[in-house]
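Q: Chain by chain, the residues:
2 protein chains.
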Amino acid sequence: MASRRLVFRLLAQHKPLGQLSCNQATNRCRSSQRRLSSFAHTSASQHSSTFLTKYFGWAALSLLAASPFLYKMAIPDKLNLDSLSLVERDQQTKRENAITDASPMRLRMEKFVKEKQKEIVQALEAVDGSKFQVDEWQRKEGGGGITCVLQDGNVFEKAGVGISVVYGSLPKAGIMKMRANHKNLVDGEKIPDSLEFFAAGLSLIVHPKNPMAPTVHLNYRYFETAKPDGTSGAWWFGGGSDLTPNYIFGEDAVQFHKSLKDACDRHNKGYYPRFKKWCDEYFYNKHRNESRGIGGIFFDDLDETVQDKENLFAFIKDSLDSFAPTYTAIVNRRKDMPFTEEEKEWQQIRRGRYVEFNLVHDRGTSFGLNTPGARVESILMSLPLTAGWKYMHEPKPDSREAKLVEVLKHPKEWV
Amino acid sequence: MASRRLVFRLLAQHKPLGQLSCNQATNRCRSSQRRLSSFAHTSASQHSSTFLTKYFGWAALSLLAASPFLYKMAIPDKLNLDSLSLVERDQQTKRENAITDASPMRLRMEKFVKEKQKEIVQALEAVDGSKFQVDEWQRKEGGGGITCVLQDGNVFEKAGVGISVVYGSLPKAGIMKMRANHKNLVDGEKIPDSLEFFAAGLSLIVHPKNPMAPTVHLNYRYFETAKPDGTSGAWWFGGGSDLTPNYIFGEDAVQFHKSLKDACDRHNKGYYPRFKKWCDEYFYNKHRNESRGIGGIFFDDLDETVQDKENLFAFIKDSLDSFAPTYTAIVNRRKDMPFTEEEKEWQQIRRGRYVEFNLVHDRGTSFGLNTPGARVESILMSLPLTAGWKYMHEPKPDSREAKLVEVLKHPKEWV
Numbered sequence: 001m002a003s004r005r006l007v008f009r010l011l012a013q014h015k016p017l018g019q020l021s022c023n024q025a026t027n028r029c030r031s032s033q034r035r036l037s038s039f040a041h042t043s044a045s046q047h048s049s050t051f052l053t054k055y056f057g058w059a060a061l062s063l064l065a066a067s068p069f070l071y072k073m074a075i076p077d078k079l080n081l082d083s084l085s086l087v088e089r090d091q092q093t094k095r096e097n098a099i100t101d102a103s104p105m106r107l108r109m110e111k112f113v114k115e116k117q118k119e120i121v122q123a124l125e126a127v128d129g130s131k132f133q134v135d136e137w138q139r140k141e142g143g144g145g146i147t148c149v150l151q152d153g154n155v156f157e158k159a160g161v162g163i164s165v166v167y168g169s170l171p172k173a174g175i176m177k178m179r180a181n182h183k184n185l186v187d188g189e190k191i192p193d194s195l196e197f198f199a200a201g202l203s204l205i206v207h208p209k210n211p212m213a214p215t216v217h218l219n220y221r222y223f224e225t226a227k228p229d230g231t232s233g234a235w236w237f238g239g240g241s242d243l244t245p246n247y248i249f250g251e252d253a254v255q256f257h258k259s260l261k262d263a264c265d266r267h268n269k270g271y272y273p274r275f276k277k278w279c280d281e282y283f284y285n286k287h288r289n290e291s292r293g294i295g296g297i298f299f300d301d302l303d304e305t306v307q308d309k310e311n312l313f314a315f316i317k318d319s320l321d322s323f324a325p326t327y328t329a330i331v332n333r334r335k336d337m338p339f340t341e342e343e344k345e346w347q348q349i350r351r352g353r354y355v356e357f358n359l360v361h362d363r364g365t366s367f368g369l370n371t372p373g374a375r376v377e378s379i380l381m382s383l384p385l386t387a388g389w390k391y392m393h394e395p396k397p398d399s400r401e402a403k404l405v406e407v408l409k410h411p412k413e414w415v
Numbered sequence: 001m002a003s004r005r006l007v008f009r010l011l012a013q014h015k016p017l018g019q020l021s022c023n024q025a026t027n028r029c030r031s032s033q034r035r036l037s038s039f040a041h042t043s044a045s046q047h048s049s050t051f052l053t054k055y056f057g058w059a060a061l062s063l064l065a066a067s068p069f070l071y072k073m074a075i076p077d078k079l080n081l082d083s084l085s086l087v088e089r090d091q092q093t094k095r096e097n098a099i100t101d102a103s104p105m106r107l108r109m110e111k112f113v114k115e116k117q118k119e120i121v122q123a124l125e126a127v128d129g130s131k132f133q134v135d136e137w138q139r140k141e142g143g144g145g146i147t148c149v150l151q152d153g154n155v156f157e158k159a160g161v162g163i164s165v166v167y168g169s170l171p172k173a174g175i176m177k178m179r180a181n182h183k184n185l186v187d188g189e190k191i192p193d194s195l196e197f198f199a200a201g202l203s204l205i206v207h208p209k210n211p212m213a214p215t216v217h218l219n220y221r222y223f224e225t226a227k228p229d230g231t232s233g234a235w236w237f238g239g240g241s242d243l244t245p246n247y248i249f250g251e252d253a254v255q256f257h258k259s260l261k262d263a264c265d266r267h268n269k270g271y272y273p274r275f276k277k278w279c280d281e282y283f284y285n286k287h288r289n290e291s292r293g294i295g296g297i298f299f300d301d302l303d304e305t306v307q308d309k310e311n312l313f314a315f316i317k318d319s320l321d322s323f324a325p326t327y328t329a330i331v332n333r334r335k336d337m338p339f340t341e342e343e344k345e346w347q348q349i350r351r352g353r354y355v356e357f358n359l360v361h362d363r364g365t366s367f368g369l370n371t372p373g374a375r376v377e378s379i380l381m382s383l384p385l386t387a388g389w390k391y392m393h394e395p396k397p398d399s400r401e402a403k404l405v406e407v408l409k410h411p412k413e414w415v
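First to last, the protein sequences are chains A and B.
Numbering of the first sequence is given in UniProt numbering, commencing with residue 1 and proceeding in unit increments.
Numbering of the second sequence is given in UniProt numbering, commencing with residue 1 and proceeding in unit increments.
Be aware that one or more of the hints could be misleading.
Pairs count within a copy or across copies, as identical chains cannot be separated in the list.
[Stated by the list, open to error] With a straight-line Cα cutoff of 27 Å, these simulated DSS-like cross-link-like pairs (lysine-lysine) come out: (1) K190 with K177; (2) K209 with K344; (3) K131 with K390; (4) K118 with K390; (5) K390 with K209; (6) K131 with K94; (7) K390 with K335; (8) K114 with K390; (9) K131 with K396.
Bear in mind the hints are in silico, worked out from the structure with no lab data behind them.
Let the hints inform the model, and build the full structure from the sequences given.
A: And the structure:
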């Protein structure tokens, strides 16, 4: 029996659709999906082959989780179980059953990041006293993203909490590259021409107004490929969280690191030292010879060679759960502290460094910005509402500013 | 007779020298140069081989001119004319003769950009009413840079005018890559292991305070290699200038483009259309699908296949000469115009886009920031004192802001 495969696209191509006056955020184009499907398919394949070949690996995965994408697809006339794609199977499962611990990890992760997004947004709204703007582009056919941003609030100058759920197809070159880190990506020696994949993640960044309150970033993601028979192929988790203060408060640094260490230790005593080091190495502004902030944890490619899927998911949940209580406690201590004009200026300079890291060194951001049609506003929700660059600015010796720089040049062990 | 070759370094290695508490801006390390020379040589060769191999071509050349570097070298005991390096020859020439039209182009270009820097700094100071900070690291042995910055002035929020004069050595991989654009880089088929080169340029960026006054950027540079006998090998000029307004004033756009077109037309009627198009293509924020500004001219690799050296130098001089009178006239018209808080906010958003271009797409900046030991403060003098990012900001239809965006999406012919 003939059936049409869904046409799924990892990276939405806005240029051609722009002529049909589609709105990125609200997906007004549903009615014209059908007739666009074959064009969309060709165009998507070309782009994914070019870009995934060039950048695949960590960068792509990070982006998938860090920024939402639009999906454009044709609706199949009939479903044939034997030829169902990954997304069709998942849609069917979601229609027919509640998500439980027995559901595929894809659906459990999707459910989890959605719940966490709500929780975190509420927790931040409670601190700020004002509401997030919510941009959702969920599709009844499956997949989508939600970007929540609070801008110019009472406490937060900019806070973004985004989730994305992506179904796509890895081209051969991407499979070959990814195989270096994941031996079980393909059964046997023969590499298929493409491989369906799924990625879901939650990404967050908060820039408070008060220079005494630290900026924070967090990202947790899950990636999985599908075997031709529809069962799960390779999979892994990635993520982490890091703090970027303008002024060092030992109490905050210790609390932030301790909450992450506790979450790590409950699962594996080796995690924290390994992931803390990884974080210091990754969030490093090498052209300035200084770290972006005081770190936290960072990890990628956590698969069955590290720990089984259930236990890794439990670790991810624990780490994410620990975020909101810890960060809101830190912000509540700092948000009403007095500060001078010079301290506000220092915050602006530090934000400039944050922008430098994100635009120059962050692989996910760079991949996203070089990908045609990516939702730029979601990728760049990480950038502060205000930032500055002062030529040859040097903190005075022994000042609180100099003490921060000292720590950024020589990362400390906080717990 | 034995003589020691000068140890010259394109890229200063600050990390090892940092232990000797050298100050980047003031070169306190002269006395310890000698004993460091052999280490410096090894380290420099390693880095130049890695980085030049990876990035060579336009990017490297642009950087050389766009940002000053430190030089560290050993002083030779005696000079032997037969084995003099390019810099030694030039030093000798400068000691013995005044620079005239008969001098090598290297020395004429160096003299010219130094004179122009002074002139432009004075012209901008006259508009602003305050003085530039001047950081000079000229060495009596040859080569160096001068970075002039005016920050938080009366009219200008940040203005940077920098010159640099670089002597260095191209590794084999760099020669091979560069040869694609410059067939006469090497005589015959045998590619030497290294090739001495010279680069000099002037680079400028001005961000005015008043949102009605446009940001401007300019960069003119000359590159040359030396044959083993010390005579000039391959050479070429590059450069251009472009305007980035927050609000379109037709009068300003026309005046800016006309002054460039006039300079071009005096030398070759084909220059302006070709270089205007090149500018629109280069200064393009492709992740935003919009130009950085309203363009100007941009060119590179102008060598004997385009025009003879004398005539190209005359064109460069003409273009640079036209800058100060044109830009100061534009700024004088705009600097005292009234503006609203919303217009100031729009300026901040446009500056955010400027930062995005410079950090994400500009090849010279990217090369510089990925080069260990480069003088970051000079490379990033281009970034504004203040900038901002507002999530999902869209200008109101038919507003003056929307009119700017329309032009950025569809570059106009102004003259």
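Q: State the violated hints by number, sorted upward, taking the hints as numbered earlier in the document.
A: 6
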